[in-house]
Amino acid sequence: MKVPYSWMAEYCDPGLEPGVLAERLAMTGTEVERVARVGPPDPSGFVIGVVSEAGSHPDADRLSVCQVEVGDGLRTIVCGAPNVAAGQTVVVALPGAVMPDGNRIRKAKLRGVASEGMICSEVELGLGTESDGIMVLEEGLAAPGTPAAEVLALDEAVLELEVTPNRTDCFSVYGVAREAQAITGAELAPPPWQGPEVQTGGAVEAVVSVTVEDPEMCPRFTARAFTDVTIAPSPKWLQSRLVAAGQRPINNVVDITNYVMLLTGQPLHAFDLDLVPGGELTVRSAIEGERITTLDGIERELKPGMVLVCDRNGPAAIAGIMGGSVSEVSDSTTSVLLEAATWKGPNILKSSRELNLRSEASARFEKQLHPALAERAQIVAGKLFTEICGATVVEGMVDVSVGMPESRELKLRGGRVERILGMEIAIDEQAEALERLGFGVERDGSDLVITVPPDRYFDVTREIDLVEEVGRVNDLDRRLPATLPAGSDAVGGLSRQQTLQRRAEDSLRETGLNEIVGWSFTDPGEAARLRIAAPDPRATPVTLSNPLSEDQSVMRTTLLGSLLGAAQRNLSRGAERVGLFESGRVYLPAADVGPGPLGGDFPGKRRAPANELQHLAALVTGPLDPPSWSDTREAADFYALKGVLERLGAGLGVPLTVRPGEQPFLHPGRCGEVLASGSSLGWIGEIHPAIASEWDLVNCLAFEIELAGLLEASPLGNEVYEDFTPFPPVDRDVAVVIADEVAAGEVLAAVREAGGPLLVDTAIFDVYRGKGIAEDEKSIALRLRFRAADRTLSDEEVDPAWKAVVSALEGLGGRLRG
Amino acid sequence: MPSMVDRIEQIEAGGRQAVSAAASAAELEEVRVTWLGRKAELTAILRGIADLEPAERGPVGGAANRTRKALEAQIEERGAELAAAELETGLVEDRIDVTLPGSPARAVGHLHPITRTRRLIEDVMVGLGYRVMEGPEVEHDFYNFTALNHPEDHPARMLQDTFYVDPAGPVEAGDGPRDVLLRTHTSPMQVRAMEAAPPPIFMIVPGKTYRRDSDATHSPMFHQVEGLAVGEGITLADLKGTLLAMLREIFGPDREIRMRPHFFPFTEPSVEFDVSCFRCSGTGTLNDSSRCGLCKGIGWIELGGAGMVDPNVFGFVSDSGYDSDQITGFAFGFGIERIAMLRHGVGDLRLFFDNDVRLLEQFS
Ligand SMILES: [Zn+2]
Chain V
94 MKVPYSWMAE YCDPGLEPGV LAERLAMTGT EVERVARVGP PDPSGFVIGV VSEAGSHPDA
154 DRLSVCQVEV GDGLRTIVCG APNVAAGQTV VVALPGAVMP DGNRIRKAKL RGVASEGMIC
214 SEVELGLGTE SDGIMVLEEG LAAPGTPAAE VLALDEAVLE LEVTPNRTDC FSVYGVAREA
274 QAITGAELAP PPWQGPEVQT GGAVEAVVSV TVEDPEMCPR FTARAFTDVT IAPSPKWLQS
334 RLVAAGQRPI NNVVDITNYV MLLTGQPLHA FDLDLVPGGE LTVRSAIEGE RITTLDGIER
394 ELKPGMVLVC DRNGPAAIAG IMGGSVSEVS DSTTSVLLEA ATWKGPNILK SSRELNLRSE
454 ASARFEKQLH PALAERAQIV AGKLFTEICG ATVVEGMVDV SVGMPESREL KLRGGRVERI
514 LGMEIAIDEQ AEALERLGFG VERDGSDLVI TVPPDRYFDV TREIDLVEEV GRVNDLDRRL
574 PATLPAGSDA VGGLSRQQTL QRRAEDSLRE TGLNEIVGWS FTDPGEAARL RIAAPDPRAT
634 PVTLSNPLSE DQSVMRTTLL GSLLGAAQRN LSRGAERVGL FESGRVYLPA ADVGPGPLGG
694 DFPGKRRAPA NELQHLAALV TGPLDPPSWS DTREAADFYA LKGVLERLGA GLGVPLTVRP
754 GEQPFLHPGR CGEVLASGSS LGWIGEIHPA IASEWDLVNC LAFEIELAGL LEASPLGNEV
814 YEDFTPFPPV DRDVAVVIAD EVAAGEVLAA VREAGGPLLV DTAIFDVYRG KGIAEDEKSI
874 ALRLRFRAAD RTLSDEEVDP AWKAVVSALE GLGGRLRG
Chain D
763 MPSMVDRIEQ IEAGGRQAVS AAASAAELEE VRVTWLGRKA ELTAILRGIA DLEPAERGPV
823 GGAANRTRKA LEAQIEERGA ELAAAELETG LVEDRIDVTL PGSPARAVGH LHPITRTRRL
883 IEDVMVGLGY RVMEGPEVEH DFYNFTALNH PEDHPARMLQ DTFYVDPAGP VEAGDGPRDV
943 LLRTHTSPMQ VRAMEAAPPP IFMIVPGKTY RRDSDATHSP MFHQVEGLAV GEGITLADLK
1003 GTLLAMLREI FGPDREIRMR PHFFPFTEPS VEFDVSCFRC SGTGTLNDSS RCGLCKGIGW
1063 IELGGAGMVD PNVFGFVSDS GYDSDQITGF AFGFGIERIA MLRHGVGDLR LFFDNDVRLL
1123 EQFS
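Same order as they appear, the protein sequences are chains V and D.
Under this note's numbering, the first residue of the first sequence carries the number 94, and numbering increases by one thereafter.
Under this note's numbering, the first residue of the second sequence carries the number 763, and numbering increases by one thereafter.
Simulated from the structure, these hints should not be mistaken for lab results.
Hints may contain errors.
[Claimed, not checked] SDA-like, lysine to any residue: derived pairs with alpha carbons at most 25 Å apart:
hint, chain 1, residue 1, chain 2, residue 2
1, V, Lys698, D, Arg893
2, V, Lys698, D, Asp928
3, V, Lys504, D, Gly995
4, D, Lys970, V, Thr636
5, V, Lys864, V, Leu886
6, V, Lys896, V, Leu841
7, D, Lys801, D, Gly852
8, V, Lys698, D, Ala918
[Unchecked claim] So the derived label-pair ranges between C-beta atoms look like this:
hint, chain 1, residue 1, chain 2, residue 2, range
9, D, Lys1058, V, Pro617, 37 to 45 Å
10, D, Ala959, V, Gly407, 34 to 42 Å
11, D, Ala959, V, Pro819, 49 to 57 Å
12, V, Gly398, D, Asp885, 49 to 57 Å
13, V, Asn639, D, Ala959, 28 to 36 Å
14, D, Gly1107, V, Arg199, 40 to 48 Å
15, D, Gly1107, V, Pro617, 31 to 39 Å
16, V, Gly838, D, Asp885, 24 to 32 Å
[Unchecked claim] Per the computed footprint, the stretches of chain D lying under chain V, defined by three or more beta-carbons under 8 Å from a beta-carbon of chain V, are:
hint, region
17, 788 to 794
18, 1004 to 1013
For every residue, glycine included, the Cβ atom is placed at its ideal position computed from N, Cα and C.
Throw the hints in and build the complete structure from the sequences for me.
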C-alpha cells in the first residue's frame, strides 16, 4: 500500500518526518518497505510560470520560443512540446534544478536561441506515466514565481507499507491516518464519508436493478447511478495523488473509483450505464466455458465457482477482480452505474489465483471487507462525481444485502494485558489506546467492554486480539522488559539418542569424510537407475502432487542417490578426493510405519503419514587420504570403507559385523549386510560398475545403515567395569587351508564358538592364496589367545580348547597347514 | 742402562700419548696393536718376566701389569669418546629436508555448516532449559494448518505455496486429497508435543521444512528451529528475554533485540524479531563511515517470527490440560540457514545444498 504522506496528513498530521513516522509504524505492526519520493529529488528550482508569448523558432519547425513570466521577470525558454500556447499556467524548471532522472537544467542555446530553463511535462516531473506535452495547470492556480511544490505534490513522500493480511483497515489512506493517530496521539479528522446517509431505494430503482443469486458469495451489492457525466481528465491534485499512490490516471470517472478505493479501502466499479441493457445486473457463478474480455483487453475463460456480475447478455465483470470491456467507461459515456459490493474474500482469492489475475480490488476483497464499507465508498464517490464530473446524482441507492453482521462486543478483563505481556499498562491507558484505534470503550469495574468497529471486524474477534492492540500502540518495543520464565524448573538436555547421533556423525567426520545435506526429494526414476524394484519398499516412494519439477517429485527412500549426485558434481568440478557422508531421513511407505527417526514414535495423537527413518550413509571414491609427496596413495577399497564402518561402530561401543549380502545396486561379489548384535542395520559394498557409471563414477564404495538400530545397540554410558587379570596369556597360531567360498567370518565364528571360555581373543593375521595352495583354496592364519582370570594357564589346560578349535576348523572342511 | 721399570714408565707415557692422539676408531685400534698387541714391547716384557732375576720379577711385573691396565682403560675411554663423536658426525650427515611437507595424517572431515549451526542453537537452548524434539516432515494438514489456527482457505494452503503428497501413494492417507503435505514450518510439533504431554513444556524442534519457492533466498527445502515454552505465568516479556539470551550466545554478548508487532495465525500477539547488527554494532555505519552491507544500514537484522501461543491453538489440546485462562506460552521460529549465512557470510542459500567440498571444507 502506497500512502502519499500529504494525503494522509489531510486526515492526521503527526508532524513527524516521514522517515520517523515510518519507523514508528514499523515498530507498531505495519512494516514500511521504504519511504519513496515522488517528483524531483529537490523541489527548489521548480516554479509556476505563465506563458505570455509562444512564437515559432526561426530555425526549427518543432520548437517554440516562449516568453514566460516566472515572478522575477520574463525568461526566454525554448520548448519542444506541441501543446504550448500563450496564456498557459505551467511549471518551469529554472537553471540549476535537478530533474527526477538526475539531469540538471542549464542555460543553453537551442538551435541558436538561448533558453533559460524548461517547461515541464508530467512525465518529466515524475508526476505521471504518460503525457502529450507540457503540463498545463488551471489558470490562476498560483502566481508566477510560486514554488511549484506549494501547489503540486512535487515534494511528496510516499510511505510504502507492507500491510499484514489481517489489517484490511490499513489498505486505505484513512485507515493509515487512524493508525498514525493511534501511535502518535495526533488529532484525527472526521472520516470523509461523514455526513447524511444515502437512502436505500428511490429513483435509482427505476434505472438500475440488481439480482444476487448467491448471497453467500456476495453479502452486499450497492449501486448508484449518475447522469450528465462529462468525461474528462481529472484535476491535477487528484491525478498527482493517484500517481503518487502508484495508480495511472485514466479519466475522471475511473480515477474517482480508484481514489475512493485508496481513501476508504472499498473498491468500486463504474459501468457505462447506457451499455448495461435495462440497467439490469445479476450476480451469479460462471458457467463452464464462459468467456469475458476484461478491461486489460484480454479474453479470459471462466470456471464455475468464479462469481460474475452479468448484464442481460452475459458477463460484464469478474466480481471483485476486474471489470469487462463490454460496459467500460469511455469518452462517450454520459451516465454511470457505480457498484460498491462486498464479496466473499476466500472465493476472490481462489478465483484470482485460478485466473492468474490480481488487481488492487482483488487484493482488498480477498482479505474480506465488512459490508459497511460499501456505503461509505458510495457517499465519498457521490460527492466527487458531482464536484468533478458535473454529474447529476440519481436519488437513492440500490442495496441488495443479507444484512450487516451483528455488532461485536468483547470484554477485556482487568489484569489480562499484564498477564500476557508481562508489563503493566494502566487501565486508563488501555482504554485510551483502544479508543484511538476506533473501538467503542466502556468501563465495567476493572474490566473494559469493547465494541469492534467494522474496519476491524474480521481481525479483532477475541480478548487476546485486544491485548495485542493495547500492547502494540503502547510502545511495546521500548517498554517491554526482557525476562526469563519465572520459577521454571525445566531441565534441558539432549536425549541419549541425540547425543549418540552426534557421536556417530563426529566419528564419520573424524575418519575424513565430509558431511553433505542432500535434497529430501529426488526424481522418480532414481529407484530404477539403482535397479531397486518392487516389492522392495524403496521402489514405492512418497509422491508429491505438485512438485516444482519432475526431478524433485518424490521423497527419497535411500541416501545413496544424494551421495552419488554430490560425488558426481564434485568430481566433475575437479575434486581430488571424494569421501562424503550424510546423516538424514529417508521416507518409506506408511505400511511399515514404526518408530520415529531415532526410535520411538513421534509425539502426538495422529500417527505420522509416512515412515521417516534417520539413516547414516557414506560414499568414497578414490583415495581416503589427501595427496602427499612421500608415497603413492591407493584408491579406497572395500576394506578401507569397512574400516570406516567399524570405527563408527567402535565409537559407539557396537561391534558391527558384515556378512555376505545382496543389494540390487551393489557389485554382487562385494556386497555385505551390516549387523549389530544379530539384527540387520543396512548394507556396505562396492557400487555396481554399471550403475556407478551412470553417475560418471568408478570404483565407488558406500554403506547405508539405519541409525536407530545402531544407537539401540550402543552400550555407551552403561558399560560395567570388568577387572583385568595379571596372569599371562598363552598365544597359539594356526594356519588352516580351506575352500575359497568359506568366508573368513564363518571361520572366526566357528573358532570362537569352539574355543570355550579360555579363548579370549581370535584374530586373522594373514590370508594367503597362491603357490602351494590349490586354486580354489586359501590359507587363513589365525592367532588365538587363551587366558584365565585367576591363574597362569599350562599347555595341558589349553590343549582341550585347542583341539576343539582344530576339529571345528576341520568341520568346515579345512586342514591345518604344516 | 736404564732399569726395566724406567723403560716401562717410558712405554706408558708413550702409549698414553698415542691413545690421546688417536683420531678415529681405526687409529685407536692401531694404537692398541702397537702398544698392547702381540708384538708390542710391553707384551714382550710381560712374556719375559720369568726370565728375569727373581728380585726384579716383582717390581717389573707389577709395573708392566699396571701400565697394561692403565693403557687398556685409557683406550676404552678414548674409544667411547671417539664413538660418540663419530655418531654425532654420522647424524649430522644423515640429514633430511625438514622443510618438506609432512606426510599427511588421515584427513579430518567437516560437518555441514547447517549441522554445525543447528548444534550451536541446540546447545544454547539446552543451556536455557530446553529439550530437543523432532517431528515428522511428511505431515497432516491438521498439525501444519488447522490446529495452528489457519482458516480453511488460508493462502498458505494453496497449491502454489505448499507441497502436497499424493494420497494414492504409500502414505497413511487422512481426510481427503489435501490432507498430507510436506510441513511448511516446524510449528506442527507445537501441537504434537502438547497433545503428548501436559504443561509445562520447554522444547525446541530443529528440522527440515518445505515451501514451493526457489531462488537465491528461497529454497524448496530449508531448515528451521521452533521454540515452545508453555506453562503458568509465561509472558511476552519472557519471550523477549529468552530470545535475547539466545541471540547473545549466537551473535555475541553486546547484541540487543527488537520485537516488531506482526501477524501470524497461531500466535497472538505476534512479533517479528531482529538482532542488532554485529558488524556495525547496530549503528548501520562501518568504521570507514560507509553504509553497513550486512544490515543494509538499518542496524538491525531480521531473524524470525514469534509470539504468544494463540488461545485457539490451546483449544485444540484442551484435553491434554491446556486451558488458555490458566496456561500461557510463547513460540518462536527462525531459519537455520539464515543464521549460518549471517555467521559465515554465505550469500546464496542454494550453496548449502550444492554440497561442493570447496564450501564444506571451509567449516572445520
Ligand atoms: Zn550493520
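Each hint tested on the structure:
A distance of roughly 20 Å separates the Cα atoms of Lys698/V and Arg893/D; the hinted pair therefore holds under the 25 Å criterion. With a CA separation close to 22 Å, the supplied pair Lys698/V and Asp928/D stays within the 25 Å bound. Distance check on the hinted pair: Lys504/V and Gly995/D sit about 21 Å apart at the alpha-carbon level, within 25 Å; holds. Proximity of Lys970/D to Thr636/V is assessed by CA-CA distance (about 17 Å); at most 25 Å being required, the pair is judged to hold.
Taken as a hint, the Lys864/V and Leu886/V pair is broken in the structure, with Cα atoms around 37 Å apart against an allowance of 25 Å. Our distance criterion of 25 Å between C-alpha atoms is met by Lys896/V and Leu841/V, whose separation comes to about 15 Å. The straight-line distance between the Cα atoms of Lys801/D and Gly852/D is roughly 34 Å, outside the 25 Å bound, and the hint therefore fails. Restraint check for Lys698/V and Ala918/D: satisfied, since their Cα atoms lie roughly 24 Å apart, inside the 25 Å limit.
In this structure the supplied range 37 to 45 Å holds for Lys1058/D paired with Pro617/V, their Cβ-Cβ distance being about 42 Å. Range check, Ala959/D to Gly407/V: Cβ separation about 60 Å, and the 34 to 42 Å hint is violated. At roughly 52 Å, the beta-carbon separation of Ala959/D and Pro819/V lies within the given 49 to 57 Å, and the hint holds. The given range of 49 to 57 Å is respected by Gly398/V and Asp885/D, whose C-beta atoms sit roughly 51 Å from each other.
For Asn639/V and Ala959/D, the hinted distance range of 28 to 36 Å is satisfied, since their beta carbons lie about 34 Å from each other. For Gly1107/D and Arg199/V, the hinted distance range of 40 to 48 Å is satisfied, since their beta carbons lie about 45 Å from each other. Remark: the range hint 31 to 39 Å for Gly1107/D to Pro617/V is upheld by a beta-carbon distance near 37 Å. Distance hint check: the CB atoms of Gly838/V and Asp885/D are about 41 Å apart, inconsistent with the given range 24 to 32 Å.
Residues of the region 788 to 794 of chain D with a Cβ under 8 Å from some Cβ of chain V number 0, which does not satisfy the need for three, so the listed coverage is violated. Beta-carbon proximity to chain V at under 8 Å applies to 3 residues in the region 1004 to 1013 of chain D; the threshold of 3 is reached and the given coverage holds.
Taken one by one, the earlier hints fail for this structure at numbers 5, 7, 10, 16, 17, listed in ascending order.
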